[in-house]
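Asks: For reference, the chains in residue letters:
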Amino acid sequence: MTAPAIVVEGLTKSFRRPHEQMHTLKERALHPFRRTTFDELAAVRDVSFEVERGEFFGIIGRNGSGKSTLLKLMAGIYAADRGDIYMDGRVSTFIELGVGFNPDLAARDNVIINGVMLGLTPREALERYDHVMAFAELEQFADLKLKNYSSGMQVRLAFAVMIQVDADILIVDEVLAVGDVAFQQKCFDVFNRLRDDGKTILFVTHDMAAVQRFCHRAMLLERGEQRLIGDPERVAAEYIEINFGRDRTAGGPTETGDEDAPERYGDGVAEILEAWFSDEDGERADTLRQGAPCGVHARIRFHEAVEHPAIAVLLENDQHHPLFATSSEWIEERTGSFAAGEEVSFSVAFENWLAPGRLFASPWVVYRGGRDLMDRRPRMSSVVVTGTRTSGALVDLPHDITIEHGERRMAGRAHG
Amino acid sequence: MTVHAVPRGRHVKGPSAFGSDRKRFWHLTFTLAITDFKLRFFGSVLGYLWQLMRPLLLFSVLYVVFTEFVRLGNGVAHYPVVLLTSIVLFTFFVEATAGAVTSVLDRENLVRKIEFPRLVIPLTVVVNAYLNLALNFLAVLVFMLASGVEPRLSWIQLPFLIAILGVFATGIAMLLSALYVRFRDVKPIWEVLSQMIFYASPVLYPIETIPNEKVQHLLMCNPLAAILEQVRHAVIDPGAPSAAEAIGGAERLLIPGGLIVGLFVLGLWVFNREAPRIAEEL
Chain G
1 MTAPAIVVEG
11 LTKSFRRPHE
21 QMHTLKERAL
31 HPFRRTTFDE
41 LAAVRDVSFE
51 VERGEFFGII
61 GRNGSGKSTL
71 LKLMAGIYAA
81 DRGDIYMDGR
91 VSTFIELGVG
101 FNPDLAARDN
111 VIINGVMLGL
121 TPREALERYD
131 HVMAFAELEQ
141 FADLKLKNYS
151 SGMQVRLAFA
161 VMIQVDADIL
171 IVDEVLAVGD
181 VAFQQKCFDV
191 FNRLRDDGKT
201 ILFVTHDMAA
211 VQRFCHRAML
221 LERGEQRLIG
231 DPERVAAEYI
241 EINFGRDRTA
251 GGPTETGDED
261 APERYGDGVA
271 EILEAWFSDE
281 DGERADTLRQ
291 GAPCGVHARI
301 RFHEAVEHPA
311 IAVLLENDQH
321 HPLFATSSEW
331 IEERTGSFAA
341 GEEVSFSVAF
351 ENWLAPGRLF
361 ASPWVVYRGG
371 RDLMDRRPRM
381 SSVVVTGTRT
391 SGALVDLPHD
401 ITIEHGERRM
411 AGRAHG
Chain A
1 MTVHAVPRGR
11 HVKGPSAFGS
21 DRKRFWHLTF
31 TLAITDFKLR
41 FFGSVLGYLW
51 QLMRPLLLFS
61 VLYVVFTEFV
71 RLGNGVAHYP
81 VVLLTSIVLF
91 TFFVEATAGA
101 VTSVLDRENL
111 VRKIEFPRLV
121 IPLTVVVNAY
131 LNLALNFLAV
141 LVFMLASGVE
151 PRLSWIQLPF
161 LIAILGVFAT
171 GIAMLLSALY
181 VRFRDVKPIW
191 EVLSQMIFYA
201 SPVLYPIETI
211 PNEKVQHLLM
221 CNPLAAILEQ
231 VRHAVIDPGA
241 PSAAEAIGGA
251 ERLLIPGGLI
261 VGLFVLGLWV
271 FNREAPRIAE
281 EL
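Protein sequence lines, in the order shown, are assigned to chains G and A. One point on numbering: in the working numbering, the residue at position 400 of the first sequence is 400, and numbering is uninterrupted. One point on numbering: in the working numbering, the residue at position 20 of the second sequence is 20, and numbering is uninterrupted.
This is chain G alone, in the form it adopts within the complex (with noise of 0.2 angstroms):
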């Protein structure tokens, strides 16, 4: 039975900020009774997880959840507080390319210098050169100062050196943010072909697509504590959700209580009270999924008696765009008569093919046959919408693809 690649358990770091700095001794010297206080603050919180060997395994979070922390505790950088790290291999991190790259040497010897900072001996790091100027694809710039190199060249550079280290457990954070598209492709193809040779690839990022397109699972980081881990998909999901949840407490447009007056139009006859959307199971939701059904509702009171009003609801996204509208009357015109004093229920029920974001729900009642209001409430609810990836278009229908060439024919379906 052999181990786990990495074992990691119940790993904790915090970092102590000091209120105040005391960098010399005179400031010491001069207060020397005043203690300094401390923020304690919890990067990582119990976090454990194990990763198998040949796994390509994600670490996702936001700014500030912990993930970078995590990454250095493991990469021997940092010393945790309490819990335990177990690597099994050679481990290689890439925090950042091309660590003690110096600019006015010339390629040869960065890459030395590069190769022994990841654990070669300089023999084995000049035995390498020539595969790594080839695959950076600067045989020709061999002689030139590191200086003189584009940033472009830099980092293919240091991506070359990088993959040369024969590492069997590779820990890498978002180096890849860097160059162009077709060089991110040569990464991932690269990487792609380390998880098959049998390497273990830790893998840091806040990019969802790349966790989906490379990781067998993932885990998800939250304030420092370890959300969820598991298919990539569905971590990828709860990290949608988690992100537009916390936008929502931390200041979008709500309900009730805005410090700006509501916008409201109409006479006054019909009150709406709420509206809110649902979710598939018909609750009331902040958050729904991407093409499953889903529900938009509202409450109104009529003040008088009214006959046959018309209740509309419109639907828009974050930039006013119009998506979706629809109406009582455009069903059926005679709603009836409605007391004075008299609550109705409004619903719509739909299959959610909107495109992931924020979506907006503004209800309206009027007479019959016109365009006078009793009451609109622009943008009185609002939800988000989940989805795993992002077409940039407003709505994301079902759909199929078919390629056919010649004898070959290549079909898929989108959103199943």
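Calculated directly from the structure, the hints in this document are not laboratory data.
Ranges between beta-carbon positions, derived for each pair: (1) 142(G) with 156(A): 40 to 48 angstroms; (2) 188(A) with 39(G): 25 to 33 angstroms; (3) 106(G) with 148(A): 42 to 50 angstroms; (4) 272(A) with 106(G): 31 to 39 angstroms; (5) 188(A) with 182(G): 45 to 53 angstroms.
Note that beta-carbon positions come from the ideal geometry of N, C-alpha and C, so glycine has one too.
Since chain G is already given, all that's left is putting chain A on it; use the hints.
Replies: Frame of chain G, contents of chain A only:
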């Protein structure tokens, strides 16, 4: 440690002074030192000449002052050679220690971006100072032979003396570089202290010219003084007092010797203690 049902890999202990891989530790030290050394030479047109010029210029000034105006060197055998040798050795000491003070901070990108054995950093500075010393000593050697100093068997002491000087410098380098991360005052303090050590060592004046024997013995407790005096005795002028004679008895050499060992142990202890947290405190 409990017995695990599942086999596990190597326990990652986090950053430390030595790191987990001794071979890598030394590869890093020498690769970095050699790189710095190369950079110094390729960076400027005159390269090696500048390296040589610094002690030589200081030497010429001091030589003129102390032979023409103050006449301290009169009647001292091979005074210019003693002066130059002492200056070169002192230059090594200052390069190794003052250079180490800010070294950890200067290498911030390494400390914070990869698993990097912390002790490599001050050691690199010492190794680099040694490389410079080797070059400077070539000039000293030429000057020595030209001045009529005869090669003798006791020259064999020289490598050992230089090694002891290196241990002394390394101890201080470790101590200062670790302390500097927390206390930025270390830099000016050490600048003043190293000046004081310069004047407290027999660089300008031969130790026997000090009239009061007690003061002479006291000055020789300074490890640098003891080393310089022994170099003078063993390499340049056998007529000059050895370190043991100048301090007033071989057993008293335990004092500078103890200081060297003590500072080395202290430096190592402090550095080792600070090493795991250096990345967070920079």
